[in-house]
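Chains as they are written, first to last, in the working numbering: chain A, 1 to 382; chain B, 1001 to 1382; chain C, 2001 to 2382; chain D, 3001 to 3382.
Honestly, the hints are just simulated from the structure, not real lab data.
A virtual CB, placed ideally from N, CA and C, is assigned to each residue, including glycine.
Relax, there's no trap hidden among the hints.
Taking lysine-lysine and the DSBU-like style, the derived pairs with C-alpha atoms no more than 35 Å apart in a straight line are:
#1 C:K2340 with C:K2096
#2 D:K3096 with D:K3310
#3 A:K340 with A:K310
#4 D:K3340 with D:K3096
#5 C:K2181 with C:K2096
#6 D:K3096 with D:K3181
#7 C:K2096 with C:K2310
#8 C:K2310 with B:K1310
#9 D:K3310 with A:K310
#10 B:K1181 with C:K2310
#11 A:K340 with A:K96
#12 D:K3310 with A:K181
#13 D:K3378 with C:K2378
#14 B:K1181 with B:K1096
#15 B:K1340 with B:K1310
#16 B:K1310 with C:K2181
#17 B:K1310 with B:K1096
#18 A:K96 with A:K310
#19 B:K1378 with A:K378
#20 C:K2310 with C:K2340
#21 D:K3310 with D:K3340
#22 D:K3181 with A:K310
#23 A:K181 with A:K96
#24 B:K1096 with B:K1340
If you anchor each label on the Cβ, the simulated ranges turn out as follows:
#25 B:E1065 with C:M2001: 17 to 27 Å
#26 D:A3075 with A:Q119: 54 to 64 Å
#27 C:G2179 with B:K1340: 32 to 42 Å
#28 A:D302 with B:S1375: 45 to 55 Å
#29 D:G3157 with C:K2181: 24 to 34 Å
There are 4 protein chains.
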Amino acid sequence: MRPLRYGMVGGGRNAFIGAVHRAAAALDQQAVLTAGALSSEPTRARESARDLGIADDRGYGSWQEMLDGELARPADDRIDVVVIVTPNDVHYPVAKAAVEAGFHVVCDKPLVHTGAQAQELVDLVARTGVVFGVTYNYTGYPLVRHARDMVANGELGELRKVVVQYSQGWLATLVEATGNKQAEWRTDPARSGIAGAMGDIGSHAENLAATITGRHVTQVSADIATVVEGRLLDDDAAVLLRLDGGVRGLLVASQIETGTENDLRIRVHGTEGSLHWRQEEPNLLVHTPASGPGRNLRRGNDYLSPSAQKATRIPPGHPEGYIEAFANVYLGVFEAIRAKQAGRELGPLEGQFPTVEDGARGVRFIERVIESGASNQKWIEV
Amino acid sequence: MRPLRYGMVGGGRNAFIGAVHRAAAALDQQAVLTAGALSSEPTRARESARDLGIADDRGYGSWQEMLDGELARPADDRIDVVVIVTPNDVHYPVAKAAVEAGFHVVCDKPLVHTGAQAQELVDLVARTGVVFGVTYNYTGYPLVRHARDMVANGELGELRKVVVQYSQGWLATLVEATGNKQAEWRTDPARSGIAGAMGDIGSHAENLAATITGRHVTQVSADIATVVEGRLLDDDAAVLLRLDGGVRGLLVASQIETGTENDLRIRVHGTEGSLHWRQEEPNLLVHTPASGPGRNLRRGNDYLSPSAQKATRIPPGHPEGYIEAFANVYLGVFEAIRAKQAGRELGPLEGQFPTVEDGARGVRFIERVIESGASNQKWIEV
Amino acid sequence: MRPLRYGMVGGGRNAFIGAVHRAAAALDQQAVLTAGALSSEPTRARESARDLGIADDRGYGSWQEMLDGELARPADDRIDVVVIVTPNDVHYPVAKAAVEAGFHVVCDKPLVHTGAQAQELVDLVARTGVVFGVTYNYTGYPLVRHARDMVANGELGELRKVVVQYSQGWLATLVEATGNKQAEWRTDPARSGIAGAMGDIGSHAENLAATITGRHVTQVSADIATVVEGRLLDDDAAVLLRLDGGVRGLLVASQIETGTENDLRIRVHGTEGSLHWRQEEPNLLVHTPASGPGRNLRRGNDYLSPSAQKATRIPPGHPEGYIEAFANVYLGVFEAIRAKQAGRELGPLEGQFPTVEDGARGVRFIERVIESGASNQKWIEV
Amino acid sequence: MRPLRYGMVGGGRNAFIGAVHRAAAALDQQAVLTAGALSSEPTRARESARDLGIADDRGYGSWQEMLDGELARPADDRIDVVVIVTPNDVHYPVAKAAVEAGFHVVCDKPLVHTGAQAQELVDLVARTGVVFGVTYNYTGYPLVRHARDMVANGELGELRKVVVQYSQGWLATLVEATGNKQAEWRTDPARSGIAGAMGDIGSHAENLAATITGRHVTQVSADIATVVEGRLLDDDAAVLLRLDGGVRGLLVASQIETGTENDLRIRVHGTEGSLHWRQEEPNLLVHTPASGPGRNLRRGNDYLSPSAQKATRIPPGHPEGYIEAFANVYLGVFEAIRAKQAGRELGPLEGQFPTVEDGARGVRFIERVIESGASNQKWIEV
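This is chain A alone, in the form it adopts within the complex:
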């Protein structure tokens, strides 16, 4: 089976998330970085391509060149998929053009800046039939999948409540004024969009809650702040939630919790039990049933759901982490692409990845939360 070929937009020298995407795509040896427009600056783009062993004629100076150059190749030599890892403001034009050109797409989150752009992509994807994944990578953790499956199977009884928290501390000072590239674009409305922490990590929290519970947010009441003086976007938020089916919720997203690393955690409560998961210790899912002792569900064991078992590479007790979870999202996208290419349906466990619809829902969520934060009205409909 030939490896898939991908072309990357963004992710050149000094970028962060591009390298993660490349490692995730490489881990299972299913895909090869074949082309790239790795920077908005053409020279840097080409040099970055050379660094990464991309052939010179496929190290493009811009994403438009890349799309054109690849389309000019014979179909069986073309990249299969465009991977977009730029700052948020570039997602929309690249994704739109790539989909219109018939490429499959993997795009980082949040999907785009506005709900209208998001809807346009949803419609385009529906029309063209391409595979479009959005890298809400935390959904790739095996125990997140198991949690989702437990909820879906009714193992928690009737769902009542979800509490999701995503806390970081790295923006507790005005690091964007100190030359930190990652901080610069994330706190710049022109590149990041209307939201800071809420877009960067709040959207992960929304997606994780929706993935595990299978419920979508219907109302929000948000308390949004910019805590660090001089910052242009929000960096701390708490949001009261209502989800489908009468489920209550709470979402916290903060980048000013000093000394905190990447503390994404979720609790899901039903009539028959609760689940507790922390991204910093991802190989453990604690299940506290309504009666009897709590249970430590651990990655890699045969008592886990088929999806959770499929999403793992090594036996229990050998930890898997962030890159492996990220790679699981890629595996789902790759399965979908290969099925598409082979003209076959996906198997029951195949093709698990966050879609363009998930991405669009995330954008709408961000819009409503920011609106709520500025409003005196208690609840805002989503």
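Put chains B, C and D on the given structure of chain A with help from the hints.
Frame of chain A; chains B, C and D shown alone:
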């Protein structure tokens, strides 16, 4: 030094918290249960007194009898302090009468049903000069005291945010309909007051946050629900907070998080660091400074604040727990009573306990949160 | 029911463990400190008694005086039990005299200096019929009792292996040369006996393993060292074990593991599952069955064994600690004394405490381990 | 920079560790699987090669064919490195032939069956100058490197003691009789060698202790058993250790600790502090200094040593795991190969990987431990 004498109101057979108070008062051998009106039912009250080794002439049939009976004794034979451990609705009349009769008082929380009653007690205590402690017992943990001292000393820099959560699961079903006495009165508005979870545990959370941060809540935006069908009071709540000095906050109180035991936890975030404490693992306080590794502050060590060191009995690594913390509140009250009796001032580390003012603030907080829960207005002033 | 009366030997000003015994005995309000010979120095002994509210005529200048003085009282006014909390070298004469005088006894561990002395006490106790408890206090933890009951009930299948570790760091330097009283006597062969760490904490480890597994050590192969230069007794040891019934074992006792507090932990492995318990987090017992997820057994829950449920005072999630466990040992002794006094048999859950036989076995264990440490022979019979 | 080319021996269909090696080698996109003799059965070998996308002319039927076939190619088209992932008995002939043919080698552990074979490889490597890595993969964890650097820098003071434990439960029953391929060869003396658990995981423990402390074992006193009836090799062991420079040690290796996954943990104790690390939670290294609170050193932070920082891909709080650590060993090997190819010296942080000498020391350790287990002599020299 003679042990202090106390008389207990409530806490007879089948009661729960009365036994905890007695253990806490006994632990350090500073006080003796000398009198009691241990039940609202006179026969049971007297039998309970006999169970506990109270002399027959001081096992009273009612709290009124107890106050009268003790007042009738010579001053040097009288109880020093009245301990009130009844359901909430009885706190007010007993406390009022005891203070008016010149007894010192220890009263369980929440103090009383209404802000007006609370204010009356505050005024009475001010006028009579008695010692009046409210058993917000979690403040007695040594590491809670250390956390408070770190904040006060500026070790977290400028305070920004506090997140406090008090989660339980024991009311995830309608246990009040199954003969559970503890659940019955806590979910009965006549006995518990206007609030259920918010009164029972939300008030602990408020007090803990206020104790550690030294800041008081000024505004609330609450999402309050009664999740279990048939219940008469709230059992799940999330409250957005504003505290003095621009500190942001979040408070969660829930009794329907299935499988959860007594998960009271707090995080405090400042410009220079954060603190993390969990009541279920109370001998550890994690401090994450703005830079450098997190620090595990552990009970009993000489690097802790004088107050934290004073509030401990045994060396590091031998866990102390709930009763020890409760006993620390009692020690503070006892110190204050002895100082009063000796006509001397309290030393700098003496007399640490939640006062009637703390109790009154807690009652006002509950009132405002319940009001906010029923309101469409986003923020309510406290 | 009248409280029991106890007289304490040792435990005066500056002592440590005496205060723990008094708190443990006081916690459940079953016994009162009535007499004392609290120091080997008569003046200090009497002053210490006064500090503790002992009547002047029962604040004795020596333990001999105390035994004589109490015997001179009418039987219904006499102390019921003698509590021995002196350095180890004083245990033997006091215990012997107290038993011979017909008093019940609680004695700290290790019981005495030699196996011969221990056997003498065992025989004396058998002859006199007094109650004699040895405060291997860790056996009082509810989850230790539950672990013992699981093993006894066959829930781990056939037992294979036990690993017990007791690590501390407080003797990592020569603190006995710096005026530390606790370190001084523990490292002084005249007072502590032939063993240092092995006697002070290794004997706890042996007792814990024996209590939980119900198996006794039959062979040892020990590696014993004095790591800190200038110290007179061992401070670090590892011992390979054989126990009854083909069970393998390993015991570690160290007081030089820098920065470690009181890290007593045990793992028990059978064909059907394993147990894991740590004294520093005593409210959790992890059970890993042969298949299926690990289970977090937590103190206070109704799924625990009757003995474990009986040994707890407060609901799940409110931690109990060291003093509560210690108090459980006292409760067992008190039950046995009251049964003896009432001339009745103990009920099935009553009278759980380490006996003089446990104490004697501990002394023999220490002797054999020290012998093995000095021997080139691989295995030594116990 | 062209990717390195490797040929794999073993690791075909149904194998386990081969896939881990391939993922580890792929993760950082530094090497490509170019050739393979993936099974001892030629047809399966070729089919496995096809599964993995190896060109048909490089999917060899045997390792001899692979070495010959690759040597027959022009030097600039040849594989750079032979990766040996077969059962242990095949390591020696393949490694020997590969080194003699001038290939660089990566070989799984334990290196070979006998000390004599090991020494032969050491000598051969010295003579030929090839790069030879042994995949003691746990040394690749960033915090293991930081622990090593802390010890080397004297941050623990003078070293006193190391305790290393490697516990598993998967061989608690006779799974080798149930068709489990991984268990079959590991418990078969013909393939595994003289040791079972001691070879499979005890050697990892020895290597981890040696890596972190920089000290080698000089004496052992071992208690070795075959606990599961019918098994042909040891499955449970405890070994008392003496290391260079007066350091004491203890090593536990067990595969019968029911319900345990892959619990490799190590504690290192010095005069100034201790370190605690667990493979199942590898992103945390706890440092307990002689005074002051314990410190949680977490992967990815700038306070870690240069080697630890280099061995990480993603920011703090995004967990890295087993494959990433394994990949770090590969990165070290690849750096050494590229330096060799370029004729340049390795930089100060380059080329970190366990060498053939480490492998040979591991083999000698296994031999001595097994000898000690069968001996009545207390200590055996290594």
